[in-house]
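Peer 1: Chains A and B are the protein sequences, given in the same order. So that you can map any letter, position 205 of the first sequence is 205 in my numbering, and since no number is skipped, the others follow by simple counting. So that you can map any letter, position 296 of the second sequence is 296 in my numbering, and since no number is skipped, the others follow by simple counting.
Keep in mind that the hints are not guaranteed to be accurate.
Stated by the list, open to error - Simulated pairs of lysine-lysine, BS3-like, Cα-Cα distance not exceeding 27 Å:
(1) B/Lys113 - B/Lys19
(2) A/Lys258 - A/Lys187
(3) B/Lys19 - A/Lys99
(4) B/Lys74 - B/Lys57
(5) A/Lys187 - A/Lys99
(6) A/Lys258 - B/Lys74
What the hints assert, rightly or not - Examples of chain A residues toward chain B, derived with CB under 7 Å:
(7) Met1
(8) Ile18
(9) Gly89
(10) Ser116
(11) Ala194
(12) Phe198
(13) Val199
(14) Leu205
(15) Leu206
(16) Phe235
(17) Ser246
For the record, the hints were derived by calculation from the structure and aren't laboratory data. The C-beta atom is built at its ideal place from N, Cα and C for all residues, glycine as well.
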Amino acid sequence: MFYRVSRIISLALFAILIVVPTLVVIFGSFKSDLELMVKPLALPESWSFRNYRTLLEGGQIITNFRNSTIVTLFSVIVTLFVASLASFGIARAINVTGKFLFLLFTLGLAIPAATSIIGIYELFVRLGLTNTLHGLVIINVASTLPISIFILTAFFRQIPHELYESAAIDGARPFRLYRSIALPLSKPSMAAVAIFLFVITWNDLLYPLLLITQSDLKTLPLALLDFRGEYAINFSMIFTAVMVASVPMVVMYLSMQKTFVSGLTAGAVKG
Amino acid sequence: MSKTETGARKGASPRPKNKLARANDRTLLLMTLPALLLYSIFYLYPTISNLRYSLSKWDGFGVPEFVGLRNFRKLVTDDDIFNKVLSNNIEFTFLVVIFQTALSLIFAIFLLKNSRGSTFLRTLYFFPTIISSVSVAMVWQFLYEPNLGPINVFLNSIGLDFLALNWLGSETITLRAIAFTQVWFHTGQMMVVYIAGLQQIPAELYEAAEVDGASRWQQFKSVTWPMALPTTAVVMAYTTIQSFRAFDLVYAMTQGGPNNSSSILVTLIYLTAFNEFRFGYAATQSIFLVIFILALTALQRRILRTRY
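So that you can see chain A by itself, here it is in the shape it has in the complex:
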């Protein structure tokens, strides 16, 4: 009895703690700032898209949205390609070099990204890569390679050896084995890694903050910080921007829940 009651109460409390702020944001994006402050929990008096119109007419957020999309897509695709290629090489190489490379890459897992920012900033300034979207892509790829290689190598090692052997007897070389055996078999792992990369890249603040100062090159999280300054305490406008920045992730999460959960927990367990 005690167990059941405490179970229900604690589950309900945490559910409320997530549902209420979510509704405050959704409803808030349709309210005026005054209405949001006075009645934060109530349904909006009218479902007015005024905030959205103001935000989109500014045009800035569309640019930010585009920048985030470009950076995220390219970062994820390049990382997946480069990491899967390397993971296959590491998993299949039978000499010590493979082991050494694996260690070298996993070294990057122990280092918090923020401890590398000084060197990254200096290098990117020297190479003229600050205030460019491809600079952002490069640092995203370089910094997410360790975790991606870690997960994918573990997967490629699990593929039964016989599958490769029989193809190798038919004369298939490594690149062919990668393309026709390893990649098709690893679709679920690749999807999980892709989602993981998608979420952390789309949401990242550190690298854009470090490398981008030009407002037409800012990504959404960085732009959100600016909005806060610009709209001072106008939380209904800020929530509208939060909605725009979060909608792609939420839609993806609701339509591919399993992959999301496995991707983000694989990143956790192995990171």
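Could you slot chain B onto chain A? The hints should help.
Peer 2: Only chain B this time, still in chain A's reference frame:
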């Protein structure tokens, strides 16, 4: 396993094939090259170059001036802000690890069995994980707003006025308020890790315990907890690292303020470099942080291993 594979392969291939195997090995190593180059040039090299910058005085623009170990001496002997932020970080990590681990374990136990309700709640609890730290920071800034924010309005309305604090503007409470948000943010993710771990525990163990008339608490103490220890180790290790990486959340919520009271090491490093233009000193702080994390991880592993 890999040893037997290697042996079998070597034994099976006659001499001319060995040449092919070696060529294949070269191809395999070539496949790692793009990753190796990108990672070494753009991530490993900048990280290692901290060692060089840490020995210099540098504003980020001019030429670094070599100052030997002066930065290290200052960091260790004469830097109140660094000491304060270090103890902030230890408190933050401690709070987050304890509460996030405990809550995620409790919710995992409560939602372990598949039912429509549990599936829904698992989806809901996991949901914050996909939102950006900046968005989460904005939402909680509103909730924590001292005068009109929903939390204080609620506390005032039920007569708990003395609890309606200035959550993000007070030197004593702000760090804890951010820790609370961090736990809210990531508990669902760790709950999923726990659920995966708990599902591995053989049902027979619970059946046997039930036959022996063990209460729920006894079952937890003698079956769930010991069997879930490896998962606990993973959750605690990850949560620790995650708490040291909470740059986005802290920066977006308070930028470490007021008066550095909510700063953690990663935000201090950023602010030292990019607000105070003391790049050399920030590099020294980075080196300290890396060593600190490596030591902490090693210690944690050791403690958890002796507990098995």
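Peer 1: Against each hint, give a clear statement of whether it holds in the structure.
Peer 2: Outcome of the hint check:
1. B/Lys113 - B/Lys19: violated (55 Å)
2. A/Lys258 - A/Lys187: holds (14 Å)
3. B/Lys19 - A/Lys99: The given pair, whose Cα atoms are some 21 Å apart, holds under the 27 Å limit.
4. B/Lys74 - B/Lys57: holds (12 Å)
5. A/Lys187 - A/Lys99: holds (24 Å)
6. A/Lys258 - B/Lys74: Violated: A/Lys258 and B/Lys74 sit about 50 Å apart, past 27 Å.
7. Met1: violated (11 Å)
8. Ile18: Holds, about 6 Å.
9. Gly89: This hint holds: A/Gly89 lies near chain B, its Cβ roughly 4 Å from the closest one there, short of 7 Å.
10. Ser116: holds (4 Å)
11. Ala194: violated (14 Å)
12. Phe198: Where the cut-off is 7 Å and the nearest Cβ of chain B is about 10 Å from A/Phe198, the hint is violated.
13. Val199: holds (6 Å)
14. Leu205: Constraint on A/Leu205 satisfied, holds at 4 Å.
15. Leu206: Holds: closest Cβ of chain B sits about 6 Å from A/Leu206, inside 7 Å.
16. Phe235: Holds. Min distance 5 Å.
17. Ser246: Cβ of A/Ser246 sits 6 Å from chain B, so the hint holds.
In this structure, the earlier hints numbered 1, 6, 7, 11 and 12 are contradicted, and the remaining ones agree with it.
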